[in-house]
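Protein chains in written order, with the numbering used here: chain A, 100 to 391; chain B, 100 to 391.
Do not take every clue at face value.
Same chains, same label: a pair holds when it works inside one copy or across any pair of copies.
[Stated by the list, open to error] Calculated pairs, SDA-like style, for lysine to any residue (alpha carbon to alpha carbon, straight line, at most 20 Å):
| # | residue 1 | residue 2 |
| --- | --- | --- |
| 1 | Lys137 | Glu324 |
| 2 | Lys104 | His385 |
| 3 | Lys203 | Glu188 |
| 4 | Lys128 | Gly265 |
| 5 | Lys230 | Gly197 |
| 6 | Lys267 | Pro129 |
| 7 | Lys264 | Asp134 |
| 8 | Lys106 | Arg355 |
| 9 | Lys104 | Glu324 |
| 10 | Lys267 | Leu118 |
| 11 | Lys128 | Ile266 |
| 12 | Lys203 | Met189 |
Quick caveat, the hints were computed from the structure, so don't treat them as lab data.
The residues making up each chain are set out below.
Number of protein chains: 2
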Amino acid sequence: MYSFKEKYSEYLSLFEKRLDEFFARLKCKPQVLDDSLKYTLESGGKRIRAVLTLAVADMLGVKTEDVADLALAIELIHAYSLIHDDLPEMDNDDFRRGRPSNHKVFGVGNALLAGDGLLNTAYAVLFEKCKEDKLYVDAAAFICGCAGVHGMIAGQSADLMCAEKGIKDEEMLDFIVSNKTGKLISAAAASPAVIAGGKYFLELRQFGEDLGKLFQLTDDVLDEEGSLATLGKSAGKDRSENKLTYVTFYGIDQCRVYADIICSKCLGILEGIEGETAFLGDLVNHVRYREG
Amino acid sequence: MYSFKEKYSEYLSLFEKRLDEFFARLKCKPQVLDDSLKYTLESGGKRIRAVLTLAVADMLGVKTEDVADLALAIELIHAYSLIHDDLPEMDNDDFRRGRPSNHKVFGVGNALLAGDGLLNTAYAVLFEKCKEDKLYVDAAAFICGCAGVHGMIAGQSADLMCAEKGIKDEEMLDFIVSNKTGKLISAAAASPAVIAGGKYFLELRQFGEDLGKLFQLTDDVLDEEGSLATLGKSAGKDRSENKLTYVTFYGIDQCRVYADIICSKCLGILEGIEGETAFLGDLVNHVRYREG
Numbered sequence: 100m101y102s103f104k105e106k107y108s109e110y111l112s113l114f115e116k117r118l119d120e121f122f123a124r125l126k127c128k129p130q131v132l133d134d135s136l137k138y139t140l141e142s143g144g145k146r147i148r149a150v151l152t153l154a155v156a157d158m159l160g161v162k163t164e165d166v167a168d169l170a171l172a173i174e175l176i177h178a179y180s181l182i183h184d185d186l187p188e189m190d191n192d193d194f195r196r197g198r199p200s201n202h203k204v205f206g207v208g209n210a211l212l213a214g215d216g217l218l219n220t221a222y223a224v225l226f227e228k229c230k231e232d233k234l235y236v237d238a239a240a241f242i243c244g245c246a247g248v249h250g251m252i253a254g255q256s257a258d259l260m261c262a263e264k265g266i267k268d269e270e271m272l273d274f275i276v277s278n279k280t281g282k283l284i285s286a287a288a289a290s291p292a293v294i295a296g297g298k299y300f301l302e303l304r305q306f307g308e309d310l311g312k313l314f315q316l317t318d319d320v321l322d323e324e325g326s327l328a329t330l331g332k333s334a335g336k337d338r339s340e341n342k343l344t345y346v347t348f349y350g351i352d353q354c355r356v357y358a359d360i361i362c363s364k365c366l367g368i369l370e371g372i373e374g375e376t377a378f379l380g381d382l383v384n385h386v387r388y389r390e391g
Numbered sequence: 100m101y102s103f104k105e106k107y108s109e110y111l112s113l114f115e116k117r118l119d120e121f122f123a124r125l126k127c128k129p130q131v132l133d134d135s136l137k138y139t140l141e142s143g144g145k146r147i148r149a150v151l152t153l154a155v156a157d158m159l160g161v162k163t164e165d166v167a168d169l170a171l172a173i174e175l176i177h178a179y180s181l182i183h184d185d186l187p188e189m190d191n192d193d194f195r196r197g198r199p200s201n202h203k204v205f206g207v208g209n210a211l212l213a214g215d216g217l218l219n220t221a222y223a224v225l226f227e228k229c230k231e232d233k234l235y236v237d238a239a240a241f242i243c244g245c246a247g248v249h250g251m252i253a254g255q256s257a258d259l260m261c262a263e264k265g266i267k268d269e270e271m272l273d274f275i276v277s278n279k280t281g282k283l284i285s286a287a288a289a290s291p292a293v294i295a296g297g298k299y300f301l302e303l304r305q306f307g308e309d310l311g312k313l314f315q316l317t318d319d320v321l322d323e324e325g326s327l328a329t330l331g332k333s334a335g336k337d338r339s340e341n342k343l344t345y346v347t348f349y350g351i352d353q354c355r356v357y358a359d360i361i362c363s364k365c366l367g368i369l370e371g372i373e374g375e376t377a378f379l380g381d382l383v384n385h386v387r388y389r390e391g
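Produce the entire structure from the sequences given, and follow the hints as far as they go.
Encoded structure:
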């Protein structure tokens, strides 16, 4: 009997196990580098990117072990981006996943290096797999592109620029969300398709970008409405900092309508895919109706 | 008639041409990301890593075009490390290569992203080459290891820790120099050997680490004695910040003796290599006796 919650926990456990094994082997000197590198990833989180990668692989009939390192690399990249994004000169967030941010525990210098280290380690993981499997080269190049200066980093740069200059522009908002959030989720959704020889790659890339947008929409609404207890980070922070978000641009009611539209779009893409799409469909609805 | 200076300029021009072509194609949005990403690399510098890679390839009979992207990736990684290292919470350097540091021009947030972007771009370059050439996977994995949490980043972390805690320890000094400076120079020296099928890989890796140590020794002496005009950065800064360096640990005279020993060691390694080693020998002496 299929249960979304149980299946999610199953994927999550698979990932946590892989991460624990990896971290157990990855001993860094000095100790502060080891501690700061592992701190942010060990504080849990939803691991939605990793779960997405494992679930898409299942759907496409790709073995979990053949995509486990894609999921690992993507979560390492995500963690690096959180650490650097939380730094005082960026989003200046003191809390992350209900715990003090990396730089609040280890200081800005060490947090900076922890982020650099996680990014570099993500690619070290991928290069190692590339030695065994030629398809990994294409998957890794795709992930690297999504994380890079025409992807996530471009989105972060635009986000910073808009915050500094007080820019409120719809096109810019789309650029930020599509790149900062959408690209890495799209890497998580579509990189298993590369390992599957390209099957449904374009559909899954689009699915990932849309799911990223949906995630950001609900995130912005939660930021406006949520509390520190459910979010694990400070609520209402975006508004107080006059940030360009879906909520500050469209308002909450319009965001809900927009979220429904994107939600339908995601489900529509899944309808065009042959295979067991139930979990991914439930994941879309989970992102749409989540409370934290 | 062979001339070291001319040959160096030749390698330098080859690299500059490759970099210019690459940057012309690499257009990033927003503009500030594009500008900050390119600023530090466009301010010139000795490009000793790139020159080393091209020269070793020549010595091993590997075509320049087959290692040009190794040199490019390594210089991108080097530039990222300079940008992050110059940040206020790290080495806090306001000048680099005679110009204001990246964060002095673009602000800390943008400099942080420029560094992230350069690191990510280095690996994007390598993954693209990996698609064409299986040997590039091994070379790229090696470079990534040298730059990573058991290489350059470990050295930077130890450097930061010693500065914060006022640690003065010979073993720690060796760890810092070997990792922070040595590993990436060793990547530059030995990665062409991977492309050559592993020929002299171990010798060249050792050569690179020793050359890195020599470079750091002379750098520390120059920092103590030099001026802003010849160094392009603030002189005597290490001492004033009570940093752990060869000079602050051994004193200048002992550093010169140590430099001579390492210099001989480098030349000794070259003697064991069949091929035209004249340029590399001159490069060692150039590093030993440079004035800036």
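Inset, instruction - Measure nothing new, just compare the shortest in-copy and cross-copy C-alpha distances for Lys267 and Leu118 to 20 Å and report within, between, both or neither. - result: neither (39 Å within a copy, 35 Å between copies)
Inset, instruction - With 20 Å as the alpha-carbon cut-off, assign the pair Lys267 and Pro129 to within, between, both or neither. - result: Classified as between; 15 Å across copies, 44 Å inside a copy.
Legend entry - Alpha-carbon proximity between Lys104 and His385, which holds within one copy, between copies, both or neither at 20 Å: Close inside one copy (10 Å), not across copies (65 Å); limit 20 Å.
Inset, instruction - Evaluate Lys106 and Arg355 at a C-alpha cut-off of 20 Å and name the case that applies: within, between, both or neither. - result: Result: close neither inside a copy nor across copies, 27 Å intra and 65 Å inter.
Legend entry - Intra- versus inter-copy proximity for Met189 and Lys203 (alpha-carbon distance at most 20 Å): For Lys203 and Met189, the Cα distance is within 20 Å both inside one copy (14 Å) and across copies (16 Å).
Inset, instruction - State whether the alpha carbon distance between Lys230 and Gly197 is at most 20 Å within one copy, between copies, both, or neither. - result: neither (38 Å within a copy, 41 Å between copies)
Inset, instruction - Please work out whether the CA atoms of Lys137 and Glu324 approach to 20 Å or closer within one copy, between two copies, in both situations, or in neither? - result: neither (31 Å within a copy, 41 Å between copies)
Legend entry - Intra- versus inter-copy proximity for Asp134 and Lys264 (alpha-carbon distance at most 20 Å): Answer is between; shortest inter-copy Cα gap is 17 Å, intra-copy 36 Å.
Legend entry - Intra- versus inter-subunit Cα pairing at 20 Å for Lys104 with Glu324: neither (24 Å within a copy, 66 Å between copies)
Inset, instruction - Indicate which option fits the pair Lys128, Ile266 if close means a Cα-Cα distance not exceeding 20 Å: within, between, both or neither. - result: Between copies only: 15 Å across, 43 Å inside.
Inset, instruction - Up to 20 Å between alpha-carbons, please classify Lys203 paired with Glu188: within, between, both or neither. - result: Cα proximity of Lys203 and Glu188: in one copy and across copies (13 Å, 13 Å).
Inset, instruction - Please work out whether the CA atoms of Lys128 and Gly265 approach to 20 Å or closer within one copy, between two copies, in both situations, or in neither? - result: Classified as between; 18 Å across copies, 42 Å inside a copy.
Figure legend: structure checked against the earlier numbered hints; hints not met, in rising order: 1, 5, 8, 9 and 10.
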